[in-house]
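Number of protein chains: 2
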Amino acid sequence: MSNTDTGRSAGRGRRPGAPDTRAEILSSARSLFAARGFGSTSVRAIAADAGVDPSLVHHYFGTKDDLFVAALEIPVDPRELLATVVDEGQDGAAERMLRIFLGVWDDPQHRLPLIGLFRSLLEPAGERMLREGFLPVVLIPVGERLGVDHPEVRMPVVASQVLGLILVRYVVALEPVASMSADQVVATYAPVLQRYLFAPLPG
Amino acid sequence: MSNTDTGRSAGRGRRPGAPDTRAEILSSARSLFAARGFGSTSVRAIAADAGVDPSLVHHYFGTKDDLFVAALEIPVDPRELLATVVDEGQDGAAERMLRIFLGVWDDPQHRLPLIGLFRSLLEPAGERMLREGFLPVVLIPVGERLGVDHPEVRMPVVASQVLGLILVRYVVALEPVASMSADQVVATYAPVLQRYLFAPLPG
Numbered sequence: 002m003s004n005t006d007t008g009r010s011a012g013r014g015r016r017p018g019a020p021d022t023r024a025e026i027l028s029s030a031r032s033l034f035a036a037r038g039f040g041s042t043s044v045r046a047i048a049a050d051a052g053v054d055p056s057l058v059h060h061y062f063g064t065k066d067d068l069f070v071a072a073l074e075i076p077v078d079p080r081e082l083l084a085t086v087v088d089e090g091q092d093g094a095a096e097r098m099l100r101i102f103l104g105v106w107d108d109p110q111h112r113l114p115l116i117g118l119f120r121s122l123l124e125p126a127g128e129r130m131l132r133e134g135f136l137p138v139v140l141i142p143v144g145e146r147l148g149v150d151h152p153e154v155r156m157p158v159v160a161s162q163v164l165g166l167i168l169v170r171y172v173v174a175l176e177p178v179a180s181m182s183a184d185q186v187v188a189t190y191a192p193v194l195q196r197y198l199f200a201p202l203p204g
Numbered sequence: 002m003s004n005t006d007t008g009r010s011a012g013r014g015r016r017p018g019a020p021d022t023r024a025e026i027l028s029s030a031r032s033l034f035a036a037r038g039f040g041s042t043s044v045r046a047i048a049a050d051a052g053v054d055p056s057l058v059h060h061y062f063g064t065k066d067d068l069f070v071a072a073l074e075i076p077v078d079p080r081e082l083l084a085t086v087v088d089e090g091q092d093g094a095a096e097r098m099l100r101i102f103l104g105v106w107d108d109p110q111h112r113l114p115l116i117g118l119f120r121s122l123l124e125p126a127g128e129r130m131l132r133e134g135f136l137p138v139v140l141i142p143v144g145e146r147l148g149v150d151h152p153e154v155r156m157p158v159v160a161s162q163v164l165g166l167i168l169v170r171y172v173v174a175l176e177p178v179a180s181m182s183a184d185q186v187v188a189t190y191a192p193v194l195q196r197y198l199f200a201p202l203p204g
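One line per chain: the protein sequences are A and B, in this order. Numbering-wise, the first sequence is residues 2 to 204 according to my numbering. Numbering-wise, the second sequence is residues 2 to 204 according to my numbering.
Rather than coming from a laboratory, the hints here were simulated on the basis of the structure. C-beta atoms are modelled at their ideal positions from N, C-alpha and C, and glycine is treated no differently. Worth double-checking, as some hints may not be accurate.
Unchecked claim - Computed beta-carbon distance windows for the label pairs:
#1 A:Gly40 / B:Ser32: 38 to 44 Å
#2 A:Glu89 / B:Pro203: 18 to 24 Å
#3 B:Gly93 / A:Gly90: 34 to 40 Å
All chains should be modelled from the sequences, with the hints used to inform the complete structure.
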């Protein structure tokens, strides 16, 4: 805030501690994740693009997974929220997941940036972020930690209902789904999501 | 095709039988439905925009509902397909609906125009077409004819899963949903859609 040290060293390199270094790394991460996808983007490549040492990327953001979540620009870390889903076991897991989801999306402060994120996920680069990033980094680990069988099959099915709910409740605002109370949303969707998580898989 | 009568009468009016009249009406319908929504667009306004008599709109397209379906530019009339869902009663209705849906969307010829339509539905004008057009013109009548209670509540919930399935299977192409066989999609989703149609409503 009151840091006045905004000077840069000569030439291409930047001072490691310059206040905009974090933002530069984040910007490079977003560009590269969007252009190449999560799997094909290394921390080394992000560091090179930002003109910093890879150790500085880890210093600011932790792991590549952490950096991905930061690059998503969502107002909360979904992994922390979803940890509470996991900690209480399988019973009622879908309901807890939905209530956390609604707590974030129903908050007017978060709604618009999240709708922006949802729209950007439908663009070609965003699709890759969903496919190669959000799913393997966030959703599938939740399924694994819940102990579901075949999380790589079940979590995309869960995603298909949650994304459809986002579309209808928040993006298109179809009534009556748009105005349902949290309890009504839970009563409508939690049994289905619980089924997607735990019912025997067909075939 | 071999019609060479492309002449126009003098001034603003067009010859009623000119080969582009149908296309002009359709173009006006799309613009006005998109700009004002289905409910606020009259056949009279569409005719005026196209510079033709309203009777000509009815001549080419039938009712305003029919014109809306034509303006959607989808390769099939969903109402005809869905009639077969209705005719065989409530048992297995969701499975029949899904198989018709898959027959259209899984066809490579239809896929791309439909994805284009899906994307345009997410734009502000498209959202109104979904909210004020597709739902009341197509989906809710299917629910009514199936004899479900509260179709105005149930069909938007059905839409939330079907739109999410479109998003995941076709738009984002998340595996394994993108590569599931039709039978696997039916086994996964039909019981849930049947529940959304017919299970007792919560609260």
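Against the structure, the hints come out as follows:
Remark: the range hint 38 to 44 Å for glycine 40 of chain A to serine 32 of chain B is upheld by a beta-carbon distance near 42 Å. Evaluation of the 18 to 24 Å hint for glutamate 89 of chain A and proline 203 of chain B yields a pass: the beta carbon distance comes to about 22 Å. Our hint of 34 to 40 Å for glycine 93 of chain B and glycine 90 of chain A holds, since their Cβ atoms are close to 35 Å apart.
Taken one by one, the earlier hints all hold for this structure without exception.
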